[in-house]
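Using the sequences plus the hints, can you model the full thing?
Protein chains in written order, with this note's numbering: chain A, 1 to 403; chain B, 1 to 251.
Hints listed in this document are in silico derivations from the structure and should not be mistaken for laboratory results.
Keep in mind that this is a model prediction, so the values were computed, not measured.
Below are the DSS-like pairs computed for lysine-lysine, each with C-alpha atoms no more than 25 angstroms apart in a straight line:
{"no.": "1", "chain 1": "B", "residue 1": "220", "chain 2": "A", "residue 2": "245"}
{"no.": "2", "chain 1": "B", "residue 1": "158", "chain 2": "A", "residue 2": "26"}
{"no.": "3", "chain 1": "B", "residue 1": "220", "chain 2": "A", "residue 2": "66"}
{"no.": "4", "chain 1": "B", "residue 1": "106", "chain 2": "A", "residue 2": "347"}
{"no.": "5", "chain 1": "B", "residue 1": "106", "chain 2": "A", "residue 2": "348"}
{"no.": "6", "chain 1": "A", "residue 1": "354", "chain 2": "B", "residue 2": "117"}
{"no.": "7", "chain 1": "B", "residue 1": "64", "chain 2": "A", "residue 2": "334"}
{"no.": "8", "chain 1": "B", "residue 1": "223", "chain 2": "A", "residue 2": "258"}
{"no.": "9", "chain 1": "B", "residue 1": "181", "chain 2": "A", "residue 2": "26"}
{"no.": "10", "chain 1": "A", "residue 1": "348", "chain 2": "B", "residue 2": "101"}
{"no.": "11", "chain 1": "B", "residue 1": "101", "chain 2": "A", "residue 2": "347"}
{"no.": "12", "chain 1": "A", "residue 1": "365", "chain 2": "B", "residue 2": "106"}
{"no.": "13", "chain 1": "A", "residue 1": "26", "chain 2": "A", "residue 2": "151"}
{"no.": "14", "chain 1": "A", "residue 1": "308", "chain 2": "B", "residue 2": "101"}
{"no.": "15", "chain 1": "A", "residue 1": "77", "chain 2": "B", "residue 2": "220"}
{"no.": "16", "chain 1": "A", "residue 1": "129", "chain 2": "B", "residue 2": "159"}
{"no.": "17", "chain 1": "B", "residue 1": "106", "chain 2": "A", "residue 2": "330"}
{"no.": "18", "chain 1": "B", "residue 1": "116", "chain 2": "A", "residue 2": "348"}
{"no.": "19", "chain 1": "A", "residue 1": "354", "chain 2": "B", "residue 2": "101"}
{"no.": "20", "chain 1": "A", "residue 1": "26", "chain 2": "B", "residue 2": "159"}
{"no.": "21", "chain 1": "B", "residue 1": "124", "chain 2": "A", "residue 2": "26"}
{"no.": "22", "chain 1": "B", "residue 1": "116", "chain 2": "A", "residue 2": "354"}
{"no.": "23", "chain 1": "A", "residue 1": "334", "chain 2": "B", "residue 2": "117"}
{"no.": "24", "chain 1": "B", "residue 1": "182", "chain 2": "A", "residue 2": "129"}
{"no.": "25", "chain 1": "A", "residue 1": "334", "chain 2": "B", "residue 2": "61"}
{"no.": "26", "chain 1": "A", "residue 1": "233", "chain 2": "B", "residue 2": "124"}
{"no.": "27", "chain 1": "B", "residue 1": "124", "chain 2": "A", "residue 2": "348"}
{"no.": "28", "chain 1": "A", "residue 1": "354", "chain 2": "A", "residue 2": "308"}
{"no.": "29", "chain 1": "A", "residue 1": "26", "chain 2": "B", "residue 2": "64"}
{"no.": "30", "chain 1": "A", "residue 1": "388", "chain 2": "B", "residue 2": "223"}
{"no.": "31", "chain 1": "B", "residue 1": "94", "chain 2": "A", "residue 2": "348"}
Covered, in the sense of this in silico footprint (three residues per stretch, anywhere, with C-beta under 8 angstroms from a C-beta of chain B), are these stretches of chain A:
{"no.": "32", "stretch": "45-51"}
{"no.": "33", "stretch": "94-104"}
Residues from chain A that keep clear of chain B, each with C-beta distances beyond 12 angstroms, as calculated:
{"no.": "34", "residue": "74"}
{"no.": "35", "residue": "127"}
{"no.": "36", "residue": "128"}
{"no.": "37", "residue": "151"}
{"no.": "38", "residue": "170"}
{"no.": "39", "residue": "202"}
{"no.": "40", "residue": "204"}
C-beta: ideal position from N, C-alpha, C; glycine also.
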Amino acid sequence: MNLNEKLQILADSAKYDASCSSSGSKRTSSLGNTHIAGICHSFASDGRCISLLKILLTNICIFDCKYCLNRRSNNIKRAIFTPEEICEITINFYRRNYIEGLFLSSGIINSPDYTMELLIKTVSLLRNKYHFGGYIHAKSIPGASDYLLKKLGSLVDRLSANIELPTENGLKLLAPNKDMHKVDHIMGYVRDNRSRNYVPAGQSTQMIIGATHETDLDIMTKSENMYNNYKLKRVFYSAYISVNKDALLPSLNIPPLKRENRLYQADWLLRYYNFKVSDLLDQDSPNFNILVDPKVSWSLKHLDEYPKEVTTCSYNELLKVPGIGITSAKRIIKSRSHFQLTFADLKKMGVVLKRANYFITCNGKYNINSELFNKKFIEANLVLEDRKENAEENMHQLRLFHE
Amino acid sequence: MNNVYIYDGSFINLLNLLYYLLKNNIRPTNIKKKGYLGSLFDYLIELDLRKINKSDALIKKLGKTVIHHIYYVYLSEEENKEIIIYYYLLNYFKYGPNLNKMRNLKCVSETLRISKKVGNEAHKMKGFIRFKELKNNILYASFAPDNNVLEIVSLHFKKRLANEYWLIKDEKRKIISIYDKKDFYILNEEMFNISEYILSDNELEMVNLWQTFYNTIGIKERKNPRCQMNFMPKKYWPYIIEMSGENEKSC
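What follows is the structure in structure tokens.
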């Protein structure tokens, strides 16, 4: 099998991993360095950023997870890279500025320790023989020994272990070989050992959305716990795509992309907007409203607290207004002591007025007819706004699946 | 009469001119690069700017942030960038470092907007530039950015590809950045002309591998060309090796 064929097979098997970020690390070497903000080098046909060479070391796997393309029981072409081959491709791509670094994952070959040793061998060659200073994100293999975890973490920028499903029941059903405690163990280990020389860019994980019956509340609660307990940098959500036929799996024609989108929006609210999951979801409404984003949804529920006066309300209150983000909230706070704000100024600062209009006053002025300040009117308008923004994308998605 | 001050297009002399104008309380109608033809009512004034020799003093006085913004505006192709910088500095001497918070002033919001635009394009180019390996191991890239970001990206690659010889050519401005493993120099294209670029032996193989990877990594069930194009505008495609064939296909 030539290198091109191998690359094709092992990139194809790796593409369902959502993570491709290359930020959060400061490293320099004779060949390459990392950029603190990360750099996107290209964008794939699905619009996702390509920053790292995302490949598996091998797609041979002793596990039989129902949702996974590489499961043991699937009859697909298998391939395995040698560590030297991975180095050759990585270095050549990096010098040509195709990539920011390597994202190396693997199916489990022979045993977790054996697989982990192969990953370490590859990464160690890159760092020590080629003096590669670019970004490396490696997947750790659940069940591997701690000393291997220690070694791998000291060579890479980011380490991750995918939790895949938010509840143990879900995991038992679809990934009988996987053990949630082993993933927990990795996350705990990385949290306790993280330093400038050990996984400097932190750890992340991923969950599949829509393969089981778990609610958004289950998913977001899991995320919140992981952010709090393991100081994760990111949780990625990946809309389930039917790659396998199995009685236990839903047969979805269209991946639940809108749901995935709402989960990402909520994830942002948790990490940057000081929201808690309990603010957004509860047992009575355990799923997000698919029609509007979670922040709008929250604001509509708390309409009695609005409108907020932007010239006096707190940073935290500003953050919770739909159409105001972190940047614009900071700009408002910074500048409002220097001059009197107007709606035009707000627009200049990046506030999305077509959403924020309903929820704010500026110097006591409400920008639209105040008689229209009622939930039904606002909700209808915001649903429409959301739809307009997504219309083209949705149309395209629909067309694709009707073909 | 419109008083239009002329400078040679260099940042140093723009600073010299700005110093002179601000110091002497002169309100120019416009400031333009040499070669500006002017209209019927324009009165063109060209001073001996080297003599003023105040650019260093001005840089010191203004500090890092302000210089960063006005330098980035200077690198843009904005029609009236010089006069925007003039008004920005005029207000800076009036209000001091708080100026950047006063986005209600047009010169401030414009300066910050343009500076951000240039910074964003430079950041994009750090990702989109594609090197080809030539026969003698030299890496060669060409691109055509909207703004003059060659120096910014050169600084980036000086750190990143410190142990390589590389060349980056700006096709729009006909300038080329040359790195000799120590520092880079930006020259006019005529001063440095390679008539033929011979590719190294494994160059085509690497391009092929990259093309394979690129075509494989997209998930077809999630195909989203609009999103792809938002992030990677078509104007850059001719210089992005995995996209350069796409232009003909989709048109």
